[in-house]
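From first to last, the protein sequence lines stand for chains A and B.
Quick note: the first sequence, position 18, residue 18 per my numbering, numbers continuous.
Quick note: the second sequence, position 37, residue 37 per my numbering, numbers continuous.
No lab work stands behind these hints: they were computed from the structure.
It is possible that part of the hints are untrue.
Unchecked claim - Here are the simulated SDA-like pairs of lysine to any residue, each with C-alpha atoms no more than 20 Å apart in a straight line: (1) B:Lys5 - A:Lys40; (2) A:Lys91 - B:Lys67; (3) A:Lys40 - B:Lys54.
Claimed, not checked - To give an idea of the chain A side of the interface with chain B (calculated C-beta under 10 Å), a few residues: (4) Ala45; (5) Gly46; (6) Lys63.
Just so it is clear, the structure is predicted and the values come from calculations on it, not from any experiment.
Ideal Cβ positions, reconstructed from N, Cα and C, are used throughout, including at glycine.
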Amino acid sequence: MFYISASSTISHQPAFQNAGFSGVIEPLLADSVLITPDYKGYIDAGLLRRMSKILRMSVACSKDCLNQAGIDQPDAIVVGTGLGCLQDTEKFLTNSITIEGLLPPTSFIQSTHNTMAGQISLSIGNHGYNMTHTQNTLSFENALQDAMLLLMEGQQHVLVGAADEYIEFLTQVSENLAAFDGQYLTSGASFFVISNQKTDTSAAAIKDCRSVGLVDDTEAEIISFLAENELNAADIDLILYAGYSKSNFEIFLKLGIDKSKCVDYLAYSGLYPSASAFALHIAADRIQHDKSVGNILIYNALVPHHLGLTLVQPVEA
Amino acid sequence: MDNLKEDLKKQIIEQLNLEEVTPADIADDTLLFNDEGLGLDSIDALELIVLLEKYHGIQVTKPEEGKEAFKSINTMAEFIRNRKG
């Protein structure tokens, strides 16, 4: 078991420092906006002036998590991101085709994916393991698995999370590809402190996480994942799922899971590659505030041939 | 009022995105890279090199030149005047 000692989300939902949010949030509307805290309360002004949206969200969530968990330094910082620092990437590329002579270095330096975990460590002065994973829609699952391995190796508290940021260019891309019809493209960051021991602030526990690339038989993967955790489909109280394929429901029905137990978390988070981290926060919040909920399965098939499965359970007494 | 120094203050604020600093907050002898001054860092030093080329057409090619020139607004203005001769 890996215990969720703290959770923090900045998204289009009022989730930041809002325990119990999972019980009151509504599906997003087209005109929803990113709900941000006053970053000055979390980030040193000298660093804040350079930070793009994704970095501000990530660092603020990270600091909020550490406050909640009551720890100064995590043993490791692990981040997942699907598309990385798009604002700075766009800025740097625009500079490079419009400016003659020397290019301003900041946007280039901060355009790399590993800036994310790096800026968190700089903000808190952390010298531990520092890693940013990018595996498209399974970026968060990969980061989470890395964090779980670190805890199994003896680390006590790992700061793990994921973030992606929306830029206008994504709308152009999705329109040109005629993709993501009916989905709202959004930004979001969700971070957690996960610990190898139960603590006073433990809200829920992660039992297992699996990521499968080029999956052949989704149904078989779910059955084997549950079996490995000594469960069957009937034991699942709630599925938080993402994916456009109608076959998702066929799979759930075949497994005997009622539609009423299935919630499309993208309707709440909006669409970004690492939104499964938002689903983990929903799961932890739901388990903490609704004692009738036991096993929650996060089913991430945002890209149909890539499958992420995460099993979340209550903290045992 | 020295126009070059005032321009430099505005250019630094814009180039370094010093959101809460105004030109009036920067004295001509404020130490730019001192925590009790503006508290700039190594990335800012690179941005100042870009600033000198962008606004003043001056290339800083020797590191020791920049170290001396970037001490304060006074030294930057002096450096620009010397290079423009």
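Results of checking the hints against the structure:
1. Note on lysine 5 of chain B and lysine 40 of chain A: the hinted pairing is violated, with a Cα-Cα distance of about 30 Å set against a maximum of 20 Å.
2. Distance check on the hinted pair: lysine 91 of chain A and lysine 67 of chain B sit about 28 Å apart at the alpha-carbon level, beyond 20 Å; violated.
3. About 31 Å separates the Cα atoms of lysine 40 of chain A and lysine 54 of chain B, which puts this hinted pair outside 20 Å; it is violated.
4. A distance limit of 10 Å between C-beta atoms decides the matter here; for alanine 45 of chain A the minimum to chain B is near 7 Å, and the interface restraint holds.
5. For glycine 46 of chain A, the suggested interface contact is upheld, since its CB lies about 6 Å from the closest CB of chain B, less than 10 Å.
6. Because the smallest distance between the Cβ of lysine 63 of chain A and any Cβ of chain B comes to about 19 Å, over 10 Å, the interface hint for this residue is violated.
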